[in-house]
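With chain L held as given, fit chains G and P onto it using these hints.
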Amino acid sequence: MSVEVEVNENDLAEMVEQVWESYLDPEGVSPLMQTYDENQASEVHSSVSITGSWTGHVVYASSLPAARRAAGAFLAMGPEEVSEEDLSDVLGELANIIGGNVKAMLPPGALLSLPQVVLAPEATARYPNAHRITGVYGIWDGEPVSISMWQSRGDNKEGAE
Amino acid sequence: MTLSQAEFNFVSQLVRREASIVLAPGKEYLVEARLIPVARAVGAAGVSEFLADLQRRPDPAKQRKIIDALTTNETSWFRDREPFAALTDVVLPELVKSRASARKVRVWSAASSSGQEAYSLAITMQETLPPGWSYDIMGTDISTEMVKRAETAEYSQVEVNRGLPAAQLVQYFERAGAHWRIAPALRRNVSFRLMNLTAPLPVMQPFDVIFLRNVLIYFDVATKRQVLQNVAKLLRPDGWLFLGAAETTIGIDDNYERVAAGRTSAYRVRTGAPAGAMRRG
Amino acid sequence: MTRMRAMVIDDSRAMRMILKRIVTKLNFEAVEAGDGKEALDLLTAMPEVPELALIDWNMPNMNGLEFVTHVRADPRLREMTLVMVTTESEQSQIVRALAAGAHEYVIKPFTEGAMIEKLALLGLVPTGANS
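Protein chains in written order, with my numbering: chain L, 1 to 161; chain G, 1001 to 1281; chain P, 2001 to 2131.
With the rest of the complex left out, here is chain L:
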């Protein structure tokens, strides 16, 4: 029996919109503009892992300036004042918020890990045995940001891992 992933690009796009409206762009003047470019570059990324009814990762990746800007929006400071610790904390929370909402759309019995932050580009090598199944890729004020879902191989077979 195969497990259908019930989360698609539109769901991710809606979450992105909500995260922007809530924290990153409350005035609604600077949305994430879609590029549909799944190969766009990133300099930092964060992720949460989901295990159980679906197994894989939810990944937030962006350039360093976009990450600084996000941290600045959360912490109410200028992007240039943002420390490495600030960056790490905010990127982790972004992955947590998006991952938590993805989890709620999956069949019951999924567990969410605490977030992991890597101040280095997103790379396939970081998620061995997983492949990207969907994502939202965009430009935020000229800087790349993406949110994607990676499914662990074997997850579409029951009991496999």
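Hint data in this document are derived by calculation from the structure and do not stem from the laboratory. All values derive from a computational prediction rather than experimental measurement. Misleading hints may appear alongside valid ones.
Stated by the list, open to error - Okay, the calculated beta carbon distance ranges per label pair:
| hint | chain 1 | residue 1 | chain 2 | residue 2 | range |
| --- | --- | --- | --- | --- | --- |
| 1 | G | G1046 | L | E81 | 28 to 38 Å |
| 2 | G | P1202 | L | M77 | 54 to 64 Å |
| 3 | P | R2003 | G | K1233 | 31 to 41 Å |
| 4 | L | D141 | G | R1040 | 14 to 24 Å |
| 5 | G | D1053 | P | E2029 | 50 to 60 Å |
Note that CB positions come from ideal geometry on N, CA and C, so glycine has one too.
Showing chains G and P alone in chain L's frame:
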């Protein structure tokens, strides 16, 4: 490119006059960002062209689009709380006495937008009416898109956070993918249809309660009067009309009287001025 | 009138900052804790119990649900209003938190306006502060 001072002034005077909203100077970029999609939707070449055209030829529909774009979606559940508290504490107990034989309450959410008010009314009825009673909620809006959206009865995570107590979220909604959908038990009592309040209204059974909130603010005095007269014909003689906090019938239509309803006020048709008599004027 | 106090419990400093900004705007004095255990220790040491706690669910050491259960079992903390603020958004999870004794539930992401509306539902927003 940002708005010129003159363009910004035009927009800020418009929203101040029509919606009592004050735009702080320095928000030019915000105004422009919000108006870009509006200009695009009406087929204007850009925001400047759109505003220039509107200055030459005033158009209430376009003005309303500007106001909508600049008022952050005020689509909370139980918006303003007090009218809903007045229903629970004052209006429904009275209707329960006066409608004891019919055991039914009819409510109209006029200008229902995406439906939060209509469904909030349904929750209020569900929780306040005694067992064995039924209710009908009708929502109407001038926008086909909004009517469709309200009928879908699905709301995003951000939308269900707005003013909706968690206990009611879990009781009256069910999860639908990324969204929350109003449960069938509630939805079956609520319907939506397209309606322009300024045009002659279709034949309908009159209502016990009408919510007509934050609608009159968009109209000039003559249109306000027209809408209030239209609505009066559909309000039962002992029914209740609720307006927005910044709205009143006073000085516009003397056939209504303002009455206290809990911590807010409502409007009722004056005795001796039955609904049918309100055509004069 | 003395200022009301709000405890902000979340393992993310960024989220604590956001919540602190909102409650400060509503004229609360904010106290921070990084997990449920730290929050309970702080409460034990505080001479007066805060009126409000905003509580994340998934945290190390002691999660938000455990914290709520502890608070509800402690007569000294009975008056505290408990609001879960979390990405946990399954219907069953909300029911669990309410059953454990949380008074309200806010799902992340939330806008500032939504948080203020929820606190207004609980009677914790002074009139006039909400706009």
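We went through each hint and held it up to the structure:
1. G/G1046 and L/E81 have their C-beta atoms about 36 Å apart, which keeps the hinted 28 to 38 Å range intact.
2. Distance hint check for G/P1202 and L/M77: the Cβ-Cβ separation is about 57 Å, which falls inside the suggested range of 54 to 64 Å.
3. For P/R2003 and G/K1233, the Cβ-Cβ distance of about 53 Å falls outside the hinted range of 31 to 41 Å, so the restraint is violated.
4. A hinted range of 14 to 24 Å holds for the C-beta pair L/D141 and G/R1040, which are about 20 Å apart.
5. Remark: the range hint 50 to 60 Å for G/D1053 to P/E2029 is upheld by a beta-carbon distance near 52 Å.
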